[in-house]
Amino acid sequence: MHKPPDIRPPRSEIIEGLKASIPVVLSSMPFGLLFGAIAVKHGFTTFEAVFMSATIFAGASQMVGLELFGTTVAPWLIVLSIFAVNFRHVLYSAAVGRIFRPWGTARMALAFFLLVDPQFAETERRREHGLRVTWRWYAAMALPIYAFWIADTWVGASFGNLISDPHALGLDFVLPIYFLIMVMGFRQRKSFIPVVVSSGLASVIAEHVVGSPWHVSLGAAVGIAVAMAMPIPKEDASPAGGIE
Amino acid sequence: MTSIFWITIAGALATYATRAGGYLILSRFERIPRRVDRALNAVPAAVLTTLVAPSFLKGDWREALTLVLVGAAVTRLPGVAVFAGGWALIVGLRQLGG
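First to last, the protein sequences are chains A and B.
Quick note on numbering: numbering that gives the first Met the number 0 labels position 224 of the first sequence as 223, and the sequence is numbered without any gaps.
Quick note on numbering: numbering that gives the first Met the number 0 labels position 37 of the second sequence as 36, and the sequence is numbered without any gaps.
Note that these hints are calculated values from the structure, not bench results.
Warning: the hint list may mix true and false statements.
Okay, the calculated beta carbon distance ranges per label pair [said to hold, decoys possible]:
#, chain 1, residue 1, chain 2, residue 2, range
1, A, K18, B, F28, 31 to 39 angstroms
2, B, L23, A, I13, 26 to 34 angstroms
3, A, P193, B, P77, 48 to 56 angstroms
4, B, A83, A, D164, 18 to 26 angstroms
5, B, P32, A, K40, 47 to 55 angstroms
6, B, A63, A, S11, 35 to 43 angstroms
7, B, S2, A, P230, 35 to 43 angstroms
8, B, F4, A, K40, 13 to 21 angstroms
9, B, V79, A, Q187, 18 to 26 angstroms
Each residue gets a CB set at the ideal place from its N, CA and C atoms; glycine is no exception.
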């Protein structure tokens, strides 16, 4: 077999990707199980629950979808709610989409499908550390997350009735803990504190005034607006500044 | 096929549109303006914060204390360890009852 030359040994990239997937696989496990269990209690078949995890692949929006399926809410409104909860991904693909371009159209299309919150966060972190983001690394991280998400849903749907008290097991609180750790991973970035404080406050206010899930889009918009409004430091400003 | 099936398909297409859409819009630009670049730079912290902040207020002191300790610990310790510790902490605190 002829092997094309590569800058880094492919194996280490795969191992790094697999390592990055471990905390995500573990932390998303309770949600996959929980989603499967709740779905079945909402009248889904095991196939329908697994099918939803395999095609939408976005935990929070799947939970919102479940909640609305049980009601008389119109189908288009359920789809719109899923879209609203997932709207933040528009920002993710805008931020990292260029990295995918050299991989070719098919892999790029697949990479977008797999672009979940922690996948985006790790991709940004890796780039920040000056490491190359290759398809090998990306797939090695993303595919286990995807496979486990489907498997967790299936197990949850099959054995969901065994979980008697999800609150005592802290299952409702695993996601905030995980997201907070990811937030702190960006603390070296410019304007970190103003962004976190403003989007945090705005999301809390929006949740009370407008309600979930709009607090995600509105809170993030405020944090991003604050980042844009911050004065540009001297070393950051190029002589050509002001053209924009 | 059931309505659940078709709504799921539509939800999947809507989700995929969000995951590819940002790039498709942005790739029309030759160069990314600096303000836009700064905005994109702030995206992960801004979005992820909105997924955490409401949890601060929803629970009682147990949830708030757990988040404060997790936020402090992660500046010193690896994320996986802090995650496991935070999860154990909230389960332990809830065992206390009250």
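Tested hints:
1. At roughly 35 angstroms, the beta-carbon separation of K18/A and F28/B lies within the given 31 to 39 angstroms, and the hint holds.
2. Under the hint 26 to 34 angstroms, the C-beta atoms of L23/B and I13/A, about 29 angstroms apart, fit the expected range.
3. In this structure the hint that P193/A and P77/B lie 48 to 56 angstroms apart at CB is violated, the actual value being about 27 angstroms.
4. The beta-carbon spacing between A83/B and D164/A, approximately 20 angstroms, falls within the hinted interval of 18 to 26 angstroms.
5. A hinted range of 47 to 55 angstroms for the beta carbons of P32/B and K40/A is consistent with their spacing of about 49 angstroms.
6. At about 41 angstroms, the beta-carbon gap between A63/B and S11/A stays in the expected band of 35 to 43 angstroms.
7. Checked against the given bound of 35 to 43 angstroms, the beta carbons of S2/B and P230/A, roughly 53 angstroms apart, lie outside it.
8. For F4/B and K40/A, the Cβ-Cβ distance of about 19 angstroms falls inside the hinted range of 13 to 21 angstroms, so the restraint holds.
9. Hint check: V79/B to Q187/A, Cβ distance near 20 angstroms, so the stated range 18 to 26 angstroms holds.
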